[in-house]
Amino acid sequence: MIKGEDYAHFWIDEGILHFVYKPNTVIDLNVARAIVKDRLRFQDGVSYPILCDIRHLKTDNKAAREFLAEKGCYNALAIALVIEKEYLGTLTKAFLIISNPSVPTKEFTDMPEALSFLYRYK
Amino acid sequence: MYTANSKQRVKEILDFITEITLGNYTYTLPLRNVKDELEQIVLSLNTMVEEIDTTVHQINNEKCEEIIENIVLNLDRNLLITSYSENVLEILNYSEDEIINKPVRLLTSEETILPDQLNTNLKHPKERNKAFKVEFIHARGYFWSGYGYMHHIKSNGENNYILSVFKGVYNNERQKISNRNKHSITNKYPSEYRSLLLQDQRKLVRKLHEYVMKRLDRKLKSLPVISSEVGGSVSKIKTVFKRAYGDTIYAYHFHKRLEKAYILLVETNNPIFEIAEDCGFKSFSHFSRSFKKQYGRTPSQVRKS
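Quick mapping for you: the protein sequence lines, in order, are chains A and B.
So in our numbering, spot 107 of the first sequence is number 107, and the numbers just go up one at a time.
So in our numbering, spot 199 of the second sequence is number 199, and the numbers just go up one at a time.
Isolated chain B, as found in the complex:
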C-alpha cells in the first residue's frame, strides 16, 4: 500500500518530472532493486527523457549546441576531495561543505568503480589510461553519468589524483532559462525531510569510515557492538555503508588491512611478520594466503620486487 517509502519515491518522481518540464534532460532517476509500479514509472520516465533529449535536440538543432561538461575533482591519496572545478556545485547541486575533504565515494553510485591507489600502482598498467564510467549522485538523488579518467599526480613526494569526468550535453535556450531560475528551484526542492535524511546518513557513513580506518590493526567487533559505538541500528549501518563504499563493513575493513600491509611492505623495511601483526593478522599463513589472493603475489615477492 502507500508506505512512507513509496511516499518518498513519489516525491522523487514528481521532482524528476519538474526537472523534465523545465527542459533539463541530462539526468536519470536511479532505479531501485524492485519491480513495483513506481519503478515501472521510473523506468518509463528514464526512457522517455532520453528519447525526448534526442528528439528535441534533433528538431531544434539551430537553437541548441552540443557541449562537453567536464567535472574535475582533485583528490588526496585517500581519495578525499581537496578541490574541485567550479561547475561541480552547479551540476551536482551540493554546497562546498558537502564536498571538501569528503570521500569521492560519497558522490558516486555503487556501480562506479574507482581505481584506487593500489590498483593503479599494482596491476593493469595497460588499462591505467582507459576511460571508465562514472555515475555522480546529484544532491536530489539523480544520476549524472559520464566517462572519466583518474590521473596520478606526484607533488613534493606525495601521491595525489585528478578525477576528470566528461559528458556530452546539449545547451539550449530552455535550459539557459531554467539555469537562470535555478536559485529559486533550489529553495523549493528537494523536501527538507529528504535532504536532512541524506545529511544524517552522510554523517553516519563518515563516522563509520573513520571507525573502520582507525581499526586496521585489529579485527572488527560484531555489528551490534559497532552500531552501539557509532550510533544507528545494525541494519542502517550495514545499508548506508554498503551504499557509500560498495562493500560490506567487514569486507572493506579486510581489504583496507591488506592495502595497509602492501604499503608497509613497499615503503618500510619492517619484518613481514611484524607487518602482519600491525594489520591485525594473528596467523602469518592466513595473512600470506589472503595477501596472495588479493594481489596475486605473496608478501615476500612484493617485498623483493
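This is chain A alone, in the form it adopts within the complex:
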C-alpha cells in the first residue's frame, strides 16, 4: 500500500503546516491520493496555511496536478510553494495557472517570504 509519509515529512510549527517532499519524489495520482489522505489524517479536521517545500521533488504528472489542485486543497487556508525556479518553474506555473488550485496559492524561492505570505492566513 502506498503511504503518504513515504513521500513527504510534515509537522506543525507556529500554526503553519510544514510539508516537505522527500528527495527525488515522483508524484502520480496514487501517490497524490496517499499524500493528501495522510495529511488530512494528521490535521484531524483543523485547517492550516501550508508551507509546501517542493525543492526536492523530481516530477509529477497531469493527473496528480489536477487532483492536488482540487482535493489537495482540503483543509488548507493558503499554500506557499517553495521551489527551485530553474528546475520546477514550468511545472509550478502549469499547476498555478492551468490546474488552478482552489485556495490562494503562490510560488516562492525564498522561505521567509513564503512564511510571511502564510502569516496573513493564520
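A couple of the hints might just be wrong.
Claimed, not checked - Straight-line C-alpha distance at most 20 Å; calculated PhoX-like pairs for lysine-lysine: (1) B/Lys219 <-> B/Lys130; (2) A/Lys22 <-> B/Lys282; (3) B/Lys35 <-> A/Lys58.
Stated by the list, open to error - A short list of chain B residues far from chain A (calculated; beta carbon distances all over 10 Å): (4) Ala4; (5) Asn33; (6) Glu39; (7) Met48; (8) Val72; (9) Asn78; (10) Asn101; (11) Ser155; (12) Asp200; (13) Pro271.
Stated by the list, open to error - Interface residues of chain B toward chain A, partial, derived using beta-carbon atoms under 7 Å: (14) Leu31; (15) Gln40; (16) Leu43; (17) Ser44; (18) Glu51.
Hints were generated in silico from the structure; no laboratory data involved.
Beta carbons: idealized from backbone N, C-alpha and C, even for Gly.
Let chain A serve as the given structure and place chain B on it in line with the hints.
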C-alpha cells in the same frame, strides 16, 4: 561543459520534440537523477506535452476520440516473453527479435514492480487482482505508462502469466497521419549510435543474467572476476544490471537463491539442509534466518504448509 553524455541527451530531447511536432503526445521522456539545465528542459517538455495533450483534445473533441491502448504479453514462469499482442511492436517500436524470449524486465522501467511468481503464490492474496503501474521503455527511450494486471495461467501443469497493460489515449487525425509516416520516421530516428549502444547493453545484461542464474548453488565471485568472465567494466556491469533488474547483482542473486529454495521446499521432498546446500548456503542457520526475513516463515513452516 558539452560532454558526450550531454550530446546524447540533446539528441534524445530533439527526437522527443520531433515526436511532439508530429502530434504524438502519448510519451514522456524519462528524467535522469540530476537537476542540470538539460533535465530542466526535459521536465518542462514533459509538463508541456501533458498540458498540450489535454488542451488539444479538449479543443478538437470532434476530431478525436478517446481509445484504450492495451498491450498484452504472454510470459513463461521465468517471466520471459513467449508471445505478444500485435500492437506491441508498433507502440514500443521494437523488432520481434528484441522481444521474443527476452525477460519482460528489459522492457520496463526500474520503477515498475512486477509481482513475480513467488510473490503471487505467497503473500498478499487480496492484492493479487489489483492493477499496478507499468512503465514500458520505448525503443527510443521514452516511457509509455499504463496500468496493468498480471494473470496467473496454468496449462498442462505449467505456470504461465499474462501481463495486460492499459492506457487511455486520444486518437486524432494528426496522429493517424504521423502513424502513416511512421516507417520513414523509424528509419531516421534514433541515431545509429544510440540503438547500437542499447543493443550492446541488452546483450551484456542477458549474459550477466544467465551468469547469475547458472550460479544459484554457490556464492558469486567478486565483481572484477565477474566482469572479466562476462566482459565489460565493473562499473558498466553494475549499472546495466541495476537498470534492467532494479537490484544489485549480489542482491538479485541472493533473492533468486532464496526463491529457488522456496520452490524446492514446496515441490520436492529433499531434506531442508540439502536444499540449503543446493542454494549455496554453507550455514544452515544463515539460510533459515535469511529465508524467514524474506518470506516471513521459516523453511520448516513452509515445508509443513
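So, going through the hints one by one against the coordinates:
With a CA separation close to 36 Å, the supplied pair lysine 219 of chain B and lysine 130 of chain B exceeds the 20 Å bound. The straight-line distance between the Cα atoms of lysine 22 of chain A and lysine 282 of chain B is roughly 40 Å, outside the 20 Å bound, and the hint therefore fails. A hinted pair counts as satisfied when its Cα atoms are at most 20 Å apart, and lysine 35 of chain B with lysine 58 of chain A qualifies at roughly 9 Å. For alanine 4 of chain B, the non-interface assignment is confirmed: its Cβ lies about 23 Å from the closest Cβ of chain A, beyond the 10 Å cut-off.
With a least CB separation of 7 Å from chain A, asparagine 33 of chain B falls inside the 10 Å interface cut-off, contrary to its annotation. Once the 10 Å rule is applied to beta carbons, glutamate 39 of chain B is inconsistent with being away from chain A; the minimum gap is 7 Å. The beta carbon of methionine 48 of chain B sits about 7 Å from the closest Cβ of chain A, which is not more than 10 Å, so the claim that it is off the interface is violated. At the 10 Å boundary, the C-beta of valine 72 of chain B stays outside the reach of chain A, the nearest C-beta of that chain being 23 Å off.
For asparagine 78 of chain B, the condition that its CB be more than 10 Å from all CB atoms of chain A holds, with the nearest at approximately 28 Å. Every beta carbon of chain A lies more than 10 Å from that of asparagine 101 of chain B, the smallest distance being close to 31 Å; the non-interface claim holds. Distance check for serine 155 of chain B against chain A: the nearest CB is about 32 Å away, which clears 10 Å, and the non-interface claim stands. Interface exclusion of aspartate 200 of chain B from chain A stands, the closest Cβ pair being 28 Å apart, more than 10 Å.
Look at proline 271 of chain B: its CB is around 38 Å from the nearest CB on chain A, clear of 10 Å, so calling it non-interface holds up. Interface restraint check: leucine 31 of chain B against chain A, minimum CB-CB distance 6 Å, threshold 7 Å, status holds. Interface hint status for glutamine 40 of chain B: upheld, as the beta-carbon distance to the closest one in chain A is roughly 5 Å, under 7 Å. Look at leucine 43 of chain B: its Cβ gets to within about 6 Å of chain A, closer than 7 Å, so that hint holds up.
Given hint, serine 44 of chain B at the interface with chain A, holds; its Cβ is 4 Å from that chain's nearest Cβ, closer than 7 Å. Because the beta carbon of glutamate 51 of chain B sits about 6 Å from the nearest beta carbon in chain A, less than 7 Å, this interface hint is met.
Of the hints listed earlier, those the structure fails to meet are numbers 1, 2, 5, 6 and 7, in rising order.
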